[in-house]
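All chains should be built: construct the whole structure from the sequences, respecting the hints.
From first to last, the protein sequence lines stand for chains A and B. Per my numbering, residue 11 is the first one in the first sequence, and the count goes up by one each step. Per my numbering, residue -8 is the first one in the second sequence, and the count goes up by one each step.
Source of the hints: derived by calculation from the structure; they are not laboratory data. Please read these numbers as outputs of a predicted model, since none were measured by experiment. Ideal Cβ placement from N, Cα and C applies to all residues, glycine included. Incorrect hints may appear among the rest.
[Stated by the list, open to error] Here are some of the chain B residues that sit facing chain A, going by a computed Cβ distance under 7 Å:
1. D150
2. L152
3. T187
4. I250
5. V262
6. K295
7. L298
8. G299
9. A302
10. Q312
[What the hints assert, rightly or not] Here are the computed distance ranges between Cβ atoms for each label pair:
11. B:Y87 / A:L70: 34 to 44 Å
12. A:L104 / B:Y233: 49 to 59 Å
13. A:L70 / B:Y233: 31 to 41 Å
14. B:P222 / A:I50: 37 to 47 Å
15. B:G195 / A:T118: 16 to 26 Å
16. A:T61 / B:N306: 27 to 37 Å
[Said to hold, decoys possible] Here are the simulated DSS-like pairs of lysine-lysine, each with C-alpha atoms no more than 27 Å apart in a straight line:
17. A:K90 / B:K96
18. A:K184 / A:K166
19. B:K49 / A:K90
20. A:K153 / A:K58
21. B:K(-5) / A:K90
22. B:K174 / A:K90
23. A:K90 / B:K53
These are the residues of each chain, in order.
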Amino acid sequence: MAVIRGTKPTRAVLIQLRRRIKVAQSGHELLKMKRDGLMIEFFEVLTKAKTIRQELVQDLLIAEQRLNMAKGAEGSVAIKSVSFALQSEPSVELDSRNIMGVVVPKITAEAVHKKMYERGYGIIGTSASIDEAADAFESLVDKIISAAEVETSLLKLVDDIDSTKRRVNALEFKVIPDIKDTIRFIGFALEEMDRDNVVRLKKLKAKAVKRAKEEEAAKAAAAAAAEVGSV
Amino acid sequence: MKTKLIPNEMYARMLSMDVTEIARYLEETQYKEEIDTLSKDFSGSELVEHATFSNLAKTYRKLQEVSIDEPRFLILEYLRRWDVWNIKTILRGKFYGASSEEIMKYLVPAGELDVEFLEGLTRKDSVAEVIQALDGTDYSPALAQYDGVMLSSVENALDKLYYFRMERAVGGTLSVGGGLLLKYVRREIDIRNLITLFRMNRAGIEANIIQENLIPGGKLHDELSRMAGQPFGEFIRGLEGYPFWGAISDIATADLDSISRIEARLKGYLVRYAWAISNYHPLSILPVLGYIVSKETEVGNIRKLVLGKSAGLSNELIEEQMVVA
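So, in structure tokens, the structure goes:
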């Protein structure tokens, strides 16, 4: 039996603990529901994350392949300089959304996909392989941004599921049993006190009866003695 | 000259070799000297890339040295494309802050501008200084279009200037085979414009922007210009019946996955055309043109082969990108 330390076995505390256990039990139910909800959401996001990760790897391979083909067609320095020719870099906007109390990021990117003539290189003197490499890398950046959003959401969900699980377990295996034990302890203690009081009262009563008897006996003896004296 | 080129059937064998084997094979060809010289500085795909570029420059310079009078003038005009290539490479290198040594590795001094002059340009501190150093040359009107933000306008202007000069130079020749050479130059302009149309129509770009990126001149300029901005399927259907259609008919569909395959096919078509006209007048500039075009194609193929191999690309993919006449 694990009783909450420093608890005074009084009726007031007992009432307080009974209220607390009700709150703890309803909290436990709610947290269990939240944990289950988060788990369902987690598996949905996990499937999405797996798909995006696979697509990301695929896109990376395609982008590398296209880059190598462009290097073959144009030479390495042309590719390097073409990549530096871009002036307007993509911007990323961060927002947040709420999944059952868990705040997850919402990332939106702007200006990732550019029109061919906005990329900064001359069209006439370059080959289609450069466009294809640029297209592939733009898709890759898009995919990386989606993966960042989904994978961060996944990590946040895992963290929250973990803490919710800890709270559920703490309530289930520690807080609620401890309160129950303490209530039981206070119950026993109050019963014991009641019994003590009964015994004490009985003893007091016996003493009082005895005293009354003795007083009566003394009074009777005094009366008898007074009678004898008058005679 | 033709015997010095790597035969087409050899590419199939080279596809089954690794980079070291290809380098070893190239040592048995005209690239031996460059591979031996550059092997102390480079290895693997870099060695092959630089050796082939170096050999290309040497070969073209030799062609300029052995030719005289009008053929020399025409060869030089044709080879100015390497001056344009070098200027663009230097501008690009300066644009992103590459060192002089790094830029020099990718120059091909096969045109009129010699190594010393190009090296001087690479030592300039900025794009503006390079443009200033070229002030007064034939390229300054094109270079004046630099807006300080993007190189694309300058690059396009340089390429347009090159083709304008080339068409004008060939158009004014009285040499034997001059007419065929002009036909070739116009066809090259058409093919370049056609590739631009493929790229930009596929990307759904507005007609007026595409038209700005077309090279003036060529035989089909007006017809191709009208195709700018057309829906891709309609554009493809519109190409049926043109002389180059046979080279791309089996892969040119509305759901085409790679324009670079079309580009390789069209370049192959152009090389075949150059070879075909080179046989008409054996004592004219035409056989030299055939050789120049084939040599450039050969170097491009070797580079694609070696870089593709070292990057682990599949043989099918490398083969698709190679230009085989």
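So, going through the hints one by one against the coordinates:
Interface hint status for B:D150: upheld, as the beta-carbon distance to the closest one in chain A is roughly 4 Å, under 7 Å. Interface hint at B:L152: violated, since its Cβ lies 11 Å from the closest Cβ of chain A, which is beyond the 7 Å cut-off. Nearest Cβ of chain A to the Cβ of B:T187: about 6 Å, under the 7 Å cut. The hint holds. Interface hint status for B:I250: upheld, as the beta-carbon distance to the closest one in chain A is roughly 4 Å, under 7 Å.
For B:V262, the suggested interface contact is broken, since its CB lies about 15 Å from the closest CB of chain A, more than 7 Å. Because the beta carbon of B:K295 sits about 4 Å from the nearest beta carbon in chain A, less than 7 Å, this interface hint is met. The restraint placing B:L298 at the interface with chain A holds, with a minimum CB-CB distance near 4 Å, inside the 7 Å limit. A hinted interface residue such as B:G299 counts as satisfied when its beta carbon comes closer than 7 Å to some beta carbon of chain A; here the least separation is about 5 Å, so the hint holds.
Taking 7 Å as the C-beta contact cut-off toward chain A, the hint placing B:A302 at the interface holds, the least distance being around 4 Å. Checking B:Q312 against chain A by beta carbon gives a least distance of about 6 Å; that is within 7 Å, so the hint holds. About 23 Å separates the C-beta atoms of B:Y87 and A:L70, a value inconsistent with the hinted range of 34 to 44 Å. With their beta carbons about 51 Å apart, A:L104 and B:Y233 fall inside the hinted range of 49 to 59 Å.
The hint said 31 to 41 Å for the Cβ distance between A:L70 and B:Y233, and at roughly 38 Å that hint holds. Range check, B:P222 to A:I50: Cβ separation about 45 Å, and the 37 to 47 Å hint holds. Distance hint for B:G195 and A:T118: a CB-CB separation of about 23 Å, consistent with the stated range 16 to 26 Å. Between A:T61 and B:N306 the beta carbon distance is about 31 Å. The supplied range of 27 to 37 Å therefore holds.
This hinted pair checks out: A:K90 and B:K96 have alpha carbons roughly 13 Å apart, not beyond 27 Å. The hinted pair formed by A:K184 and A:K166 meets the criterion: a straight-line CA distance of about 26 Å does not exceed 27 Å. For the proposed pair B:K49 and A:K90, the alpha carbon gap of about 26 Å is at most 27 Å, so the pair holds. Distance check on the hinted pair: A:K153 and A:K58 sit about 12 Å apart at the alpha-carbon level, within 27 Å; holds.
The hinted pair formed by B:K(-5) and A:K90 fails the criterion: a straight-line CA distance of about 33 Å is larger than 27 Å. At most 27 Å may separate the alpha-carbon atoms for a hinted pair to count; B:K174 and A:K90 exceed this at roughly 35 Å. Taking the CA atoms of A:K90 and B:K53, the gap is about 31 Å. The hint is violated against a cut of 27 Å.
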